[in-house]
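Chains A and B, in that order, give the protein sequences.
According to the working numbering, the residues represented by the first sequence are 1 to 329, in order.
According to the working numbering, the residues represented by the second sequence are 1 to 519, in order.
I should point out that these hints are in silico values taken from the structure, not numbers from a laboratory.
Cβ coordinates follow ideal geometry from the N, Cα and C atoms, glycine included.
Among the hints, erroneous ones may be present.
[To be verified] Every beta carbon over 12 Å from chain A, so not counted as near; a handful from chain B, in silico: (1) 163; (2) 281; (3) 346; (4) 350.
[Stated by the list, open to error] Restraint-style ranges between C-beta atoms, simulated for each label pair: (5) A:181 x B:122: 29 to 35 Å; (6) B:118 x A:52: 24 to 30 Å; (7) A:25 x B:355: 30 to 36 Å.
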Amino acid sequence: MLVFIVRRLVQAIAVMLAVAFIAFMLFQYVGDPVTHLLGQDATPAQREQLRSDLGLDKPFPVQFVRFVGNAVQGEFGLSLRQGQKVSRLLAERFPATLELALVAAVMALLLGIPMGVYAALRRGTVMSQMLMTVSLLGVSLPTFLIGILLILIFAVQLQWLPSFGRGDVTQLGAWATGLASVDGWKHLILPATTLAIFQLTLIMRLVRAEMLEVLRTDFIRFARARGLPDHLVYFGHALKNTLVPVITITGLQLGSLIAFSIITEQVFQWPGMGLLFIQAVAFADVPVMAAYLCLIALVFVTINLVVDLLYFAVDPRLRADASGVARSI
Amino acid sequence: MILSVLLMAGSTQAVTLRVANQGDAQSMDPHSLNESLQLTFTNNIYEPLVARDKKLGLSPGLATRWSQPKPTVWRFELRRGVNFHDGTPFTADDVVFSFNRAAGAGSDMQGYTNTFKEVRKIDAHTVEVETLTPFPILPDVLTNVFVMSKKWCEDNKAQAPVDRRKGIENAASFKANGTGPFRLKERQPGSRTVLVRNGTYWDKVDTNVTEVIFTPIGNAATRVAALLSGEVDVMEPVPLQDVERIKASPKLKVMQGPELRTIFLGMDQKRDELLFSNVKGKNPFKDKRVRQAFYQAIDIETIKSRVMRGAALPTALMVGPGIRGFSAEQNKRLPYDVEAAKKLLAEAGYPSGFEVALNCPNDRYVNDADICQAVAANLARIGVKVNLQTETKVTYFPKILRRDTSFYLLGWTPSTYDSHNALSALMASPTEKGQGQFNLGAYSNAKVDELTLKIQSETDQAKRNAMIKEAFEAHAADIGHLPLHQQALAWAMKRNIELVQLADNYMPYKYVVVNEKAK
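Let the hints inform the model, and build the full structure from the sequences given.
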């Protein structure tokens, strides 16, 4: 177990370095922040001066080494656009993104699993056919379109829910949460739904397919032969065995929820990291962009690790060759 | 504090104004960035010595009077009895401090202060600015240089604007203490900024607004939705395709008016061979007939009606109405005439046209990429094949500033509201000292250069205007650039809101009145 974790950590560091390298290299070509940093009246000499003061004229390896050196200490320098520490900007924006992603994930799970189970058990009924058709829409409609449609219906026409922003936030220490107030939840519903729809349909289709697969296996037939009641067969045996791939997908999707909430955040002006990233791109704010990518890479690496550990808990076959430590997880 | 604000406003009711803009002020520091959104926002909190009225004319601000005792000296008499938001009295020391701060390291206001030789205090309420050379438009220039409190800046270690070079943050980026009609209450960059009325403001103002909540909403569709759903009261800019839709709503209205910015096309007139063209060994743009052919081939009225949906003012000059030196009689375009253009092109030796690349931003000016598309279609009719290259402003500007272009689109607003700025930045020959910095095609005319230098220090206004006119005439005779139009501002708001739309795209909240009854 310990060896396993250490090995994964080493891999993680390698991945992080690679991501940092690629991010940093790519962003050298996205444009020149100096033209945006200085107004139209600045002289060429002033621009040159600023460029050299910021170290932007140094060769790429020098800039990269300095970036990594700072990043290791959790320091990504100053945002060129806002003149604030990148680490603080990200820390301020992280709660918004994480809350959005978690609520979306919970919505997708709470609705997706029962719907998938239903579609599998009641295969062929009108209701399950309809679920399958609608879910196709959910997978194929682009996020921004879903977001704009939701805004049009629920904010502009019905005026039930707000169309943008995060609403009232409550400060819990360093964490600014929107989950502690009614206003915060109201603001959360539309973006979370937008973000959840794709995941929901994905989970539903996955659960349905897996469930159908499992229901065909021998041990379900044996269970039935033993005269176990339906609900035990379905939910005790079949569903539990369905969940392994679902956990994998959900885990990875949580990462992508955080990473790809960019579009949702932009449509709903949700003050999270995705929005910060978009604004940074429009300004060639390299420190923010690179730090964001590194953070996202960290989230993916961490989630992958957690998912691997969860396998131990769910699938007994994996536990067999471990030392039994994972049993208690 | 809110209670006192309400009492001072003489109202028993709090009036909140919710404003959405496509971007956010990047800092609360009034000297950190010379950009119109930044300045229009901080202008509610901080004030200049010389202000602008509802017609962009000069009016007393923190100075009540100004005079020019010597050609190189301007004297300002300061307003008495003005306090900063924290209660500190405003004096000459604050002005000297602020002007030096604006001229110092890290400041982006150096373009306004680079004519300063010395700023000196005469007494507690008089200040003199000595300039390096006679500088007739100093009061205009100072309308964008805001005054901060010396004591507050020292207490908050904000004596200089934020220094990104050293990675040092600055309290003035998040906090503010000015003399203006509104004080900063809350600042969440990129998400919301709240202003409240300054109950002890020295001037009577129109507004009945007690609180302003400013929200940046980058996505245009969301911004329109926020207005339609009633979550914001005012928003700008309105995407042109949504103007009719908003007008159709009984609760909303749209305000459109000309902006000071002039959109134009520039051509490389320096290189002996264009970088991006199939003509080898010579540069067709060096031939005036080619430039004129391009000019007359552009169907500006159709661009106005189709691309800009009527929201543009076609122009023949490089500055628009509202800029000192603009003259309506000079503002006459050469006629749109495809046959004449073809003929000119043939005379110049290109009877079947040629190929050239046009560089264009797609996220900087109103419908910028569409304008270029239309120009390309127009030029195709005289046989010129335009290879259109549109890209985001982040990569566009560094590229054209390197002069890595043969043909480009640019927009320009003179930050001094004076023609000299446009002459010097766009039309004068590029020099080491920064003149002609945005004259990216290196258009050059000795007469224009000479006049530009003279205009800078001519203090006789009538003479000065005559020289500006002469310079514009010389530029137009050369067809140095191809002026297109002034784009229009488009703001949308609830019907019960009255505000003043200034051509420099400033929205001072002190002019905003919310009619509660009409709600």
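>> Using Cβ atoms and 12 Å as the threshold, tell me whether residue 163 of chain B really stays out of contact range of chain A.
In response: violated, 8 Å
> Would the least Cβ to Cβ distance between residue 281 of chain B and chain A come out above 12 Å?
Replying inline: holds, 30 Å
>> According to the definition I'm using, a residue is off the interface if its beta carbon is farther than 12 Å from all beta carbons of the partner; does residue 350 of chain B meet that for chain A?
In response: holds, 34 Å
> Do the beta carbons of residue 25 of chain A and residue 355 of chain B sit within 30 to 36 Å of each other?
Replying inline: Holds - the Cβ-Cβ distance for residue 25 of chain A and residue 355 of chain B, about 34 Å, lies within 30 to 36 Å.
> Holds or violated: 29 to 35 Å for the Cβ distance of residue 181 of chain A and residue 122 of chain B?
Replying inline: violated, 55 Å
> Is 24 to 30 Å right for how far apart the beta carbons of residue 118 of chain B and residue 52 of chain A are?
Replying inline: holds, 29 Å
>> If we take the beta carbon of residue 346 of chain B, is the closest beta carbon in chain A still more than 12 Å away?
In response: Residue 346 of chain B clear of chain A: closest Cβ-Cβ about 39 Å, beyond 12 Å.
Comparing the model with each earlier hint shows violations of hints 1, 5; every other hint is respected.
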